[in-house]
Amino acid sequence: MAEIVTLLSAGCHPETGRLRPAAGDAAALALGLALRASGHRLIGLHAGPADDALRVYAGFAEFDLVRLNLSAQADALPVILPWLALRRPALVLAGPKAELGAGTGLLPYALAEAMGAACIPEVAGVEELAERVTLVQALPGGRRRRLAAPAPAVLVAAGRLAPPSGWAYARAQRARLETVPATALEPVAATAWRNEPARPLARPVRRIRGGAAARMAAATSFTAGEGQLLVQPAPDEAARAILAYLEGQGLLRS
Amino acid sequence: MGSGGVVLLILLGALGWALIGVLGRIAGWRAGRPAKVDWLAGLLALPRRYLVNVHEVVARDRYASTMHVMAAGGLVLALLLVVLVHGFGIASPWLAWPLLLACVLTLLGAERVLRRRADRPPRLSGGRWNRFGWAIGGFALGLAWFTLPATGVMADPGLLHPVSLAFAALLAWSAFELADGLAHGPMRHALAGALNLVTHPRAPRFSADRPVAAIHPIDLDAPRLGVETPQDFAWNRLVMADACVACGRCEEQCPAFAAGQPLDPKFVIRAISMAQGADHVDDRHYAGRRWPGLERRVGEGGAARPLVADGGLIPPAALWACTTCRACVEACPMMIEHVDAIIDLRRFQTLELGAVPGKAPAALAELAAADNIHGRAAARRMDAFVDLDLPLLREVESTDLLLWLGDGAFDPRGQRAMRAFVQVARHAGLELAVLGEEELDTGDLARRLGDEAQFQRLAEANIATLARYRFRRIVTTDPHVLNSLRNDYPAMGGHYEVVHHTAVLLELAEEGRLKFQPGEGQAALTYHDPCYLGRWNGEFEAPRRLLDLLGPGRVEMARHGRTARCCGGGGGAPLTDIPGPRRIPDMRMADAKATRAGTVVVACPNCAVMLDGVTGDYPAVTEVAELVLARLAVPAERVAA
Amino acid sequence: MSARPRRDPHAERERATRVGPSGRARRILGGAVPAAPVRPRRNPHVLRMAAVPGPAGRMRLDPHGGELLAHLPSLATPGAEQPIVVERPACLILAVLDLPGGRLEGSDFGLLAAARDLADRLEGAVLALTLHGRPDLSRLGVDRHIALDLPDRWDPIARLAVLRAVLADQAPAHVLFAETPLLGADLARRLAAATGLAAAFAVHRLEPEEVRARGAGLDLVGPPPPIMTLHEVLLADRPEPALREARPVPLAVEPDAGLVEDLGEIPVDLTGAPLAEADLIVSAGDGVTDWPAFHTLAARLNATVGGSRQVCDRGLLPRDRQVGASGTLVAPKAYLAFGISGAPQHLQGIERCQRVVAVNTDLHAKMIERADLAIVADAQAVMPALEALLERRRHG
Ligand SMILES: Cc1cc2nc3c(=O)[nH]c(=O)nc-3n(C[C@H](O)[C@H](O)[C@H](O)COP(=O)(O)OP(=O)(O)OC[C@H]3O[C@@H](n4cnc5c(N)ncnc54)[C@H](O)[C@@H]3O)c2cc1C
Ligand code: SF4
Ligand code: SF4
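Protein chains in written order, with the numbering used here: chain A, 1 to 254; chain B, 1 to 641; chain C, 1 to 396.
If we strip away everything but chain A, and leave its shape as in the complex, we get (with noise of 0.2 angstroms):
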């Protein structure tokens, strides 16, 4: 049977910044831990300074939990590559943002460029999982598609699945993490990013040229459909206005 390891950060909730397991990282989770149950090995892989982070993820089932000891500026990625190619994972799962520090989620890709091997988001379920992965990938509203990739693979689990269920406090406390010394690289350059608290999302004001005609065009034109009233039309009219309405939007299936 294959080895699975899934990425597991330090999870931030989000109001008070206290330590939790990171959601989109507890949805990888779920995945390995329905293959865990078809019989595969999971590993649970974590870089960074602290136990704390990794027993969050404990409490959800046993399984075997690997701290890379790292100091918390350090980039995950160059301890995280050589442990990965020792131990040849078949598939390696991992959340689509991390919950602290940039987020930017490109970690998975750039594992997946340095291995070789297929990235693919979204992930809502392993079907297979032998010298090919077949795996179900998560559509905009509900839908599903059924890809497949050659293993290894890395796969990164869709934002808004469910975390596994059952986390337990005891198991959590018991559970023994292993913790394997790690030499973290220089970050090569001080690049020009900074980091700043942020700032509150707001839709930036439009700049509209062309003068004060195109202003108020800009401001009061709507596509047509907005607000539009029918009373008391027959049942079949109102039906193809639904029709026609929903037809527009590309959101008959049928």
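There may be inaccurate statements among the hints.
[Stated by the list, open to error] Pair ranges (Cβ atoms, derived):
1. A:Ala198 <-> C:Ala299: 54 to 64 angstroms
2. B:Ala35 <-> A:Arg176: 30 to 40 angstroms
3. C:Asp286 <-> B:Ala524: 28 to 38 angstroms
4. B:Ser398 <-> A:Ala198: 36 to 46 angstroms
5. A:Ser71 <-> B:Ala464: 29 to 39 angstroms
[Claimed, not checked] Sample of chain C residues lacking proximity to chain B, with all beta carbon distances greater than 10 angstroms (derived):
6. Gln82
7. Gly102
8. Leu148
9. Val221
10. Arg247
11. Pro250
12. Glu254
13. Leu263
14. Gly272
15. Thr289
16. Gly315
17. Arg319
18. Lys333
19. Arg355
Honestly, the hints are just simulated from the structure, not real lab data. No residue lacks a Cβ here, since even glycine has one placed at the ideal position from N, Cα and C.
Dock chains B and C with the ligands against the given chain A, drawing on the hints supplied.
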């Protein structure tokens, strides 16, 4: 040999049989976890507990109470006398006549038992309980026959006389039925019931006027948290389960059972009792009503097998449907603590398995990371009250009255009531202070959902915070907070005087600091008792007296006070959300509607949300403080905001 | 709708204003102000029915009763318009469009608007890349257009190959994507990982000197990198409708077969899907009595079933189907409400719906007010009619 000798023989045989069975049962109890029991105090308190506490409950059912006095009293008397008459062979009419009378009394009692059995209400179990009346009657009759010669009314016909033989057979059957029942049948309630009164884990409930309904803490470092198998219960809780007489009074009061959710408190207790006596049993022979909606389900278990499981004796949904309203406990004549058992079972499910259903896991996860189940930052607890300028304890450092906001502060319905209370209190010149963002959830909900770890964490944090300040009393609008701080915190080292806002409002009104104007042409109102103020804390009177000061026209629902029906909002039930064909709040609003009152007055933010959420043509729902504010003899807008 | 008289503050202020001796206008406070004429309230539905076809053939709403459109030369006389041409751009801004399902969607418009804005400020040109079909982008602020027609499969590797070819060919200064899962967000990260180029994801402020990208609870601030995806707050906009040349640019690329094999969409019965995920919801309220018709319609549309609390409380739909404050907050593209009155708690639940269609017998129902397409009719008649229409449509 005289025919009386056979009585001795039969009784000795039955006694031996009973002894074997009882020893087996005792071995079963001893397999439970250890418990600290004050035997001496328990034994000394036994008569009082039996004659006062038990009798108080039994007497609510007049018929059953008379029946029990006759059957049990007669039987006990007869057994005492039989030792003298037949054991020591003292054939004096001075003893024989009373023995005969005891037999007759027992017989009359047995007749009442059988009469009730003939038209058995569904809450009573059938099966072996149906034979119980016959066994008592048969025993009394047989005993009477063999006692007649000693009274001198007739000569001893000799054992070989056909009538004597028939009576001997009857006596033998009934004596063995009763003796066997002492370990495995209905008679067990006498033994376990008495022992339960002696070793009861909640001794305070018998002594004080107000029941101190704390939930026992557990050691979080123990190898197994909570209760999985019967043997994980403390041994006196196993005795307690064996005390059940299957009377179904708990079942009748249970709101979840009435809503058709798969919970029956009687079956929970009977399941524990059933499982502890055997290595492996199933519930096919169980003679009571079955889990609503799961009538065809067969559960299996045993003394060392999981109690709660999909195929276990107790279905998981039963555990999570409970609102912890304590109506069952209040109704139980055997002083059984159903809620404690349910919480113990939940603890294992939550802490060891993480098997909490519905939205509860998400709520507990938010609680872990934000200290409230809404996942809000601590500072936002004060959001709805900024304009009230409530002084923060952090700034004033001491206060007479500390207002504990509770998690209702995050909910618009709760906020309304809290604001009303603050306004009224200010109007009466009362100064309040709050903890503000230093206040955390009390952990009450976590504890009731079985998450003892979070309860202890939050309680320790809150107790540490409170230790920094000086205050005389804590007031809250939330009975769950009240109960937690008043009853659950002492075991964690926090001792406070906690009052409900209805009590404070009553104080103010009685001191004349609040003046009310009579509402014009007001419709009658009815008061809904919150379980955690009423049954859990014995406060039934203050809110009622307060309402009566507001004006006349208060009516009571059929179920009120100690038997009030829960709103469905307790114990985390709205989160675990176990489906049923009916909803508890709907039934409660139907209760209210039946009084023809125009308004239901509530005194708890949970009740307000639950009852307010019922749609349709029902009375309006008002919180006490809101009503008081509206009836102040000053225009409401002039009340200091 | 009632014509409740409404005060007109503008008219009032005007009347109360007198020109003083110095020639400055001054307001007279208090005093005898002539009674304000009562301006009747406008009925927005009547107004919307007065929509006129705009130049692009799309319906346009003109609350000024057609005056305004007549005064817009570019719109009024489309034939005479000359496209704007950027001959020698300082740089190229590449906008990679999503075109989900082969159609231009909101995020595409927003992306083009942002690209146009950036290009204008850098004196550059907008180069659009579309991978399916050949949509007309000439009124969407596009100067150059590379239109490819890749197979409909989801093949990120092929797309990446195209993108790399465009980068090699055109050397755009910035590549912009929408931060949309499986589309822009995916492709941008692939590009960043494959090329090692600097990238900023979920940019929510975009200036030529500095961009702000949303990280995990913080903002990453720096100069605009080569690759950027735009946060949805930047995607609500639309480019100005000025005509541009959208000059076709050829691209020679032989996309190689990727590692990932698309085995096709799995037919999923969406009627019982999680409400929070759904993009088409049919919802029933107390006004629905013909439940078989309702469920057949939902199945025919393969739409997710929802309901008001009223119907869930009565057990007509399971509790997890409840939409609203105490149920699920939904955000579908379209929400079809049959016989729902639109109680505040219900409307709270559909705040984030893009389009609402309501069928209700009551003209004054709050739901009718909220709806984009409001039909005052009996739900029991409309539901089967719609179902029959869909059935006929399916058979040709
Ligand atoms: C605390 C609280 C929370 C609540 N949360 C929610 C919530 O989350 N979600 C929710 O939905 N509600 C919620 N409610 C209930 C809410 O206030 C309304 O009662 C409920 O939404 C009304 O449901 P309805 O529109 O189906 O029914 P009604 O209000 O009875 O409306 C029925 C509508 O159907 C129309 N109608 C009748 N016959 C026909 C016909 N033949 N064809 C077409 N139309 C017809 C009528 O004109 C009417 O407008 C909550 C209430 C409370 C107190
Ligand atoms: S506490 Fe209430 S809900 Fe729970 S079993 Fe007892 S009566 Fe039923
Ligand atoms: S638990 Fe108590 S109330 Fe319930 S059936 Fe047993 S004895 Fe009766």
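Results of checking the hints against the structure:
1. A:Ala198 <-> C:Ala299: 54 to 64 angstroms: At roughly 44 angstroms between Cβ atoms, Ala299 of chain C and Ala198 of chain A fall outside 54 to 64 angstroms, so the hint is violated.
2. B:Ala35 <-> A:Arg176: 30 to 40 angstroms: Holds, since Ala35 of chain B and Arg176 of chain A (Cβ atoms, about 32 angstroms apart) stay within the stated range.
3. C:Asp286 <-> B:Ala524: 28 to 38 angstroms: Holds - the Cβ-Cβ distance for Asp286 of chain C and Ala524 of chain B, about 30 angstroms, lies within 28 to 38 angstroms.
4. B:Ser398 <-> A:Ala198: 36 to 46 angstroms: holds, 39 angstroms
5. A:Ser71 <-> B:Ala464: 29 to 39 angstroms: holds, 32 angstroms
6. Gln82: holds, 56 angstroms
7. Gly102: Holds: least Cβ distance 38 angstroms, greater than 10 angstroms.
8. Leu148: holds, 44 angstroms
9. Val221: Consistent with the label, Val221 of chain C stays out of reach of chain B, its closest Cβ about 24 angstroms off (over 10 angstroms).
10. Arg247: The claim stands: Arg247 of chain C keeps its Cβ more than 10 angstroms from every Cβ of chain B (closest is about 52 angstroms).
11. Pro250: For Pro250 of chain C, whose nearest Cβ neighbour in chain B is about 53 angstroms away, the distance exceeds 10 angstroms, so it holds.
12. Glu254: holds, 50 angstroms
13. Leu263: The claim stands: Leu263 of chain C keeps its Cβ more than 10 angstroms from every Cβ of chain B (closest is about 33 angstroms).
14. Gly272: Fine: 15 angstroms to the nearest Cβ keeps Gly272 of chain C off the interface.
15. Thr289: Correct as stated: the minimum Cβ-Cβ distance to chain B is 18 angstroms, above 10 angstroms.
16. Gly315: With a cut-off of 10 angstroms, Gly315 of chain C comes too close to chain B, as the shortest Cβ separation is near 7 angstroms.
17. Arg319: violated, 7 angstroms
18. Lys333: holds, 27 angstroms
19. Arg355: Consistent with the label, Arg355 of chain C stays out of reach of chain B, its closest Cβ about 27 angstroms off (over 10 angstroms).
Hint violations for this structure: numbers 1, 16, 17, all remaining hints satisfied.
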